[in-house]
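*Asks:* These are the residues of each chain, in order.
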Amino acid sequence: EAQVTQNPRYLITVTGKKLTVTCSQNMNHEYMSWYRQDPGLGLRQIYYSMNVEVTDKGDVPEGYKVSRKEKRNFPLILESPSPNQTSLYFCASRPGVNTEAFFGQGTRLTVV
Amino acid sequence: AQSVTQPDIHITVSEGASLELRCNYSYGATPYLFWYVQSPGQGLQLLLKYFSGDTLVQGIKGFEAEFKRSQSSFNLRKPSVHWSDAAEYFCAVGARNYDKLIFGTGTRLQVFP
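Top line first, the protein sequences correspond to chains R and A. Residue numbers are given in this note's numbering: position 43 of the first sequence equals residue 43, and the series is strictly consecutive. Residue numbers are given in this note's numbering: position 14 of the second sequence equals residue 14, and the series is strictly consecutive.
Be a bit skeptical, because a hint or two may be false.
The calculated label-pair distances, taken between Cβ atoms and stated as ranges, are [stated by the list, open to error]:
hint, chain 1, residue 1, chain 2, residue 2, range
1, R, K71, A, R69, 35 to 43 Å
2, A, D54, R, Y10, 40 to 48 Å
3, R, L11, A, K68, 36 to 44 Å
For the record, the hints were derived by calculation from the structure and aren't laboratory data. From the three backbone atoms N, C-alpha and C, an ideal C-beta is built for every residue, glycine too.
Starting from the given sequences, assemble the full structure and let the hints guide the process.
*Replies:* Shown next as C-alpha cells:
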C-alpha cells in the first residue's frame with residue numbers, strides 16, 4: 001500500500017531532550033515536507049526537500065533540523081525541544097513539482 | 001504573498017442537509033487549489049484538487065468544488081451530508097512550481113442525526 005509513515009504517533013518528552021520523528025514514504029516521491037498544525041493557525045511548513053541531500057527552510061524552521069540521506073526517509077530532528085514546539089506534526093510527500101501532497105498520520109508531540 | 005481564508009471555524013448541519021464550506025485565497029495568478037479532510041486522529045486525505053480546465057471539480061466521497069476566479073474562491077460542496085463526514089476540512093493553495101502549500105485555518109464540521 002502506498003503510504004507515508006511517521007513514527008512515533010504520540011510522544012511526550014521533557015524540555016531539552018533531543019528527539020527524532022521519522023518519516024518514510026514508499027512511493028518513490030521526489031518531494032518531502034514537514035508541517036506543524038496548531039489550533040487557529042492551520043498547517044505551516046517547517047522544512048522541505050526536493051531530492052536527496054537537497055533541503056530548504058519553510059516558514060517556521062527555528063528549532064528544527066532535517067536530513068535527506070535517502071529518497072524514502074526524511075526525519076525531523078528537535079535538538080533541544082521547548083514547550084512551544086508542542087504541536088501536531090505531519091510529514092508529506094509528492095511525486096513532482098506540481099502535484100498533490102500525500103500526508104502521514106501525524107505525530108502528536110508534547111514537550112513539558 | 002499567498003494566503004487562504006476559511007471564514008467559518010465551525011459549522012453544524014443535520015444529516016442529509018446540503019453543505020458548503022467557504023475558501024477564499026489571495027494570489028496574483030491562478031493557483032493550484034486543494035481541499036483536504038482530517039478525520040479525528042487521522043492524517044490529511046485529499047478530497048479534490050484544481051490545477052486547470054473545468055472550474056467545477058469532482059472529488060471523492062461525493063464532494064465537489066468550484067473555482068471562481070472573479071471571487072478568488074474555491075468553495076467545497078456536498079448535496080447531502082452523512083454522519084461520517086464529520087471532520088475538519090482544510091483548503092490549501094500552491095503557486096506554480098510550489099515548494100509549499102499554504103493552508104487555511106480549517107473548518108470543523110459537526111453532523112447531527
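*Asks:* For the range 36 to 44 Å, tell me whether the beta carbons of L11(R) and K68(A) fit it or not.
*Replies:* The hint (36 to 44 Å, Cβ to Cβ) holds, given that L11(R) and K68(A) are roughly 42 Å apart.
*Asks:* CB of K71(R) to CB of R69(A), is that within 35 to 43 Å?
*Replies:* holds (37 Å)
*Asks:* For the pair D54(A) and Y10(R), does the Cβ-Cβ distance stay inside 40 to 48 Å?
*Replies:* holds (42 Å)
Hint compliance for this structure: no hint is broken.
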